[in-house]
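Novice: Protein chains in written order, with this note's numbering: chain U, 29 to 281; chain E, 29 to 281.
It is possible that some hints are incorrect.
In this list, chains with the same sequence are indistinguishable; a pair is considered to hold if it fits within one copy or across any two.
[To be verified] DSS-like cross-link-like pairs, simulated, lysine-lysine; straight-line CA separation at most 30 Å:
| no. | residue 1 | residue 2 |
| --- | --- | --- |
| 1 | Lys123 | Lys269 |
| 2 | Lys200 | Lys228 |
| 3 | Lys48 | Lys231 |
| 4 | Lys237 | Lys84 |
| 5 | Lys84 | Lys197 |
Just so you know, these hints were derived from the structure itself, not from any lab. What you are looking at is a predicted structure, and each value in this text was computed from that prediction instead of being measured.
Number of protein chains: 2
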Amino acid sequence: MKIDLSFNAAQFDDLQLRDKTIVVIDVLRASSTITVALNNGAREIIPVASIESAVKISGSLFGEVTLRGGERNGQMIDGFNLGNSPLEYNESAVKGKSIIYCTTNGSVAMAKSRYARVLIVGSFLNLSAVVDFLSGENKDFLIICAGRLNTSGNFSLEDAVCAGMMIQKLMKNESVEVILSDSAKAAYALHKSFGRSILKMLKNSEHGKYLAEIGFVEDLKICAAVDSVPVIPIQIESKIKLRIKEELAVVSV
Amino acid sequence: MKIDLSFNAAQFDDLQLRDKTIVVIDVLRASSTITVALNNGAREIIPVASIESAVKISGSLFGEVTLRGGERNGQMIDGFNLGNSPLEYNESAVKGKSIIYCTTNGSVAMAKSRYARVLIVGSFLNLSAVVDFLSGENKDFLIICAGRLNTSGNFSLEDAVCAGMMIQKLMKNESVEVILSDSAKAAYALHKSFGRSILKMLKNSEHGKYLAEIGFVEDLKICAAVDSVPVIPIQIESKIKLRIKEELAVVSV
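If we strip away everything but chain U, and leave its shape as in the complex, we get (with noise of 0.2 Å):
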């Protein structure tokens, strides 16, 4: 099984990244804000790449079961029903609901990798989920880590740690043989130097410190969780839902 990472979506187009087996990792917020609100019985979420998109396709659907969430700048968008902290996120705010979701970086991701063969969300809160499931379909992979628009060279440190704890934790698994891009290897190398505690890499990080700043430090220790939501967020028919095993046996047709 080879694997490929990039650093950040930037470069890609959709066209480029059809087919492929991908998983989008955007550690602060997005990846664990899906994660939670479909573990919180979320119907589906619904990535799109700007807030005109989010509009549009939220002006076609019916308002009650639809919610709009998502960020710019950290903030809640004007017009949205949510931000983009997991703490809003729980049962009572999304049992049920689609949700059309924006962020700056990791909804972009997700609606870049529409035409994915298999698109998955990762995060430090279903990472042995998400290792498990690679594991079990054996195939190659490209990690996109989501990144920060038009910051530290559209590099986020947490996302390449959470890539690298994952290619480690796969590496371990005697059963599947791995080659792993230069890039690959470099999240590998950046897990273990960084890596030895997720919640202080978190709060040192750009985006960490950032979100602080802004009242949201008790998200850090949510997303610093590991392991702590085991499900996985899969596409299916362009919506991202919780995976459940029957659906897989369709997907992998």
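With chain U's structure known, arrange chain E on it following the hints.
Specialist: Same frame as chain U, but now just chain E:
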């Protein structure tokens, strides 16, 4: 002094980079080859982003003193005078010549940096010279690793390790206070993980393996030789020239 870093140039356009102090690193091979060429007496290097630009520009210049150099897939471009091996850029080939220079990654990153306040070209060959220059400037700067288009997430391990080595050397200079972006911290960590033997790292890198396969294994030794060509290629009026100290005064105004 704040150090920012990008692992590739794909997301930039030239206006974003206006007025910055930039180091472009393309270890294999643009940065190394330019450094060798200027040290061997080339008058100037004119980096361009495409073969079309190279042809257009050379049409308006006199043939005798102008050469076209560069690569596609590591090989010389049809109708060009030189490929991209530093071995080709010896004194008898380049002395006194202007070289229009087109490569897949390095020359594109340099062309995008055309409006920089200061643009210098860095590699292992001139690593300490670049670090001394940046210490003397004592200004915020951005390292652009040229990366590899459409390969390994546009990431080049060798560029990242070279950048990390520069950062490590800069941090040893106690008269300079250094603040690192997350991406610069990552490069620093990658140098720690992979920088023990530069030649071995190059030989194990994807790009290094490819160059060895197509007959350029000697280039790896040349590109791994730290501080072997202690000169600084610097942009002066849209051309890359050998820096001489008198010219710095003009650039810094």
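Novice: For every hint, state whether the structure bears it out.
Specialist: A quick look at each hint next to the structure:
1. Lys123 <-> Lys269: Result: close within a single copy only, 13 Å intra versus 64 Å inter.
2. Lys200 <-> Lys228: both (25 Å within a copy, 25 Å between copies)
3. Lys48 <-> Lys231: For Lys48 and Lys231, the Cα distance is within 30 Å only across copies (29 Å; inside one copy 33 Å).
4. Lys237 <-> Lys84: neither (33 Å within a copy, 48 Å between copies)
5. Lys84 <-> Lys197: Cα proximity of Lys84 and Lys197: none, with 41 Å in one copy and 52 Å across.
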